[in-house]
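Participant: Using UniProt numbering, read the sequence shown as starting at 1 and increasing by one per residue.
What the hints contain is simulated information worked out from the structure, not anything from laboratory work.
Bear in mind that the values here come from a model prediction, so they are computed numbers and not experimental data.
For every residue, glycine included, the Cβ atom is placed at its ideal position computed from N, Cα and C.
Fair warning: there could be bad hints in the mix.
If you anchor each label on the Cβ, the simulated ranges turn out as follows [said to hold, decoys possible]:
1) Asp41 with Arg91: 21 to 29 angstroms
2) Gly110 with Arg46: 28 to 36 angstroms
3) Asp41 with Arg109: 34 to 42 angstroms
4) Gly138 with Asp39: 32 to 40 angstroms
5) Asp14 with Arg36: 25 to 33 angstroms
6) Asp39 with Gly151: 39 to 47 angstroms
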Amino acid sequence: MTAVIGQVRPATADTVAEVVRACSPESVRRRFTLGRAPDPDQVLVRYHRFLLAGVALVAERDGVPAGLLNAVPDGERTVELGLLVADPWQRQGIGRGLVGLVTGGPRWRGRTVHATVQAGNAAAEGPLRSCGFRVVPGFGWAEREFEFIVGEESPDGGTSGQGPDGLQRRTAVAHTGAAGYRDARGGGTREGATRVTAALLPRW
Numbered sequence: 001m002t003a004v005i006g007q008v009r010p011a012t013a014d015t016v017a018e019v020v021r022a023c024s025p026e027s028v029r030r031r032f033t034l035g036r037a038p039d040p041d042q043v044l045v046r047y048h049r050f051l052l053a054g055v056a057l058v059a060e061r062d063g064v065p066a067g068l069l070n071a072v073p074d075g076e077r078t079v080e081l082g083l084l085v086a087d088p089w090q091r092q093g094i095g096r097g098l099v100g101l102v103t104g105g106p107r108w109r110g111r112t113v114h115a116t117v118q119a120g121n122a123a124a125e126g127p128l129r130s131c132g133f134r135v136v137p138g139f140g141w142a143e144r145e146f147e148f149i150v151g152e153e154s155p156d157g158g159t160s161g162q163g164p165d166g167l168q169r170r171t172a173v174a175h176t177g178a179a180g181y182r183d184a185r186g187g188g189t190r191e192g193a194t195r196v197t198a199a200l201l202p203r204w
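Generate coordinates for the entire structure from the input sequences, incorporating the hints supplied.
Facilitator: Written out as structure tokens, the structure is:
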């Protein structure tokens, strides 16, 4: 399915809030691997700085914020990926388009991008798998770790096809509006801003 992203912009507190409030409690629970489905406003208060960490991008559909991606360097050659797509726009290419901006662009070339997903979270696994991420064996039963080496596995120039590991590649989504996007917090890695995916955020 072709991605339906209209615009990609640096995230702001307001656009992040719109994405989170458009999510069901279950989607928010899965994103943060919580034991219960939280109120979205509680999530905004508790995890505000994580939702704006690193390179934070919001995808819009018909002018409405629909998805959020965080790419946070957490080592010299590694990047932690966080993804949240609001329920009305899931399974429409929003997540894949956002992930493709990381795996198909030059900014993170040569780095290993990784993401931790709660077991059974198909909405999060789908965009990762379609962009060529592979499961890291033996990570754990409750969560699954995915990784992708940008440049080595990315579809160079948008070429699709089957990679050497047997995963089916799809053309990375290019978006001219995302060129030159900046760190939403105005800098590089910061203490407390790393490891922003679900399993490693502070608990309730």
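Participant: Does each hint hold? Answer for all of them.
Facilitator: Hint check:
Our hint of 21 to 29 angstroms for Asp41 and Arg91 holds, since their Cβ atoms are close to 26 angstroms apart. Roughly 34 angstroms separates the CB atoms of Gly110 and Arg46, a value that falls within the hinted 28 to 36 angstroms. The hinted window of 34 to 42 angstroms between Asp41 and Arg109 holds, with their beta carbons roughly 38 angstroms apart. Between Gly138 and Asp39 the C-beta distance comes to about 35 angstroms, which sits within the given range of 32 to 40 angstroms.
Here the CB-CB span from Asp14 to Arg36 is close to 27 angstroms, well matched to the stated 25 to 33 angstroms. For the pair Asp39 and Gly151, the beta carbons lie near 41 angstroms from each other, so the given range of 39 to 47 angstroms is met.
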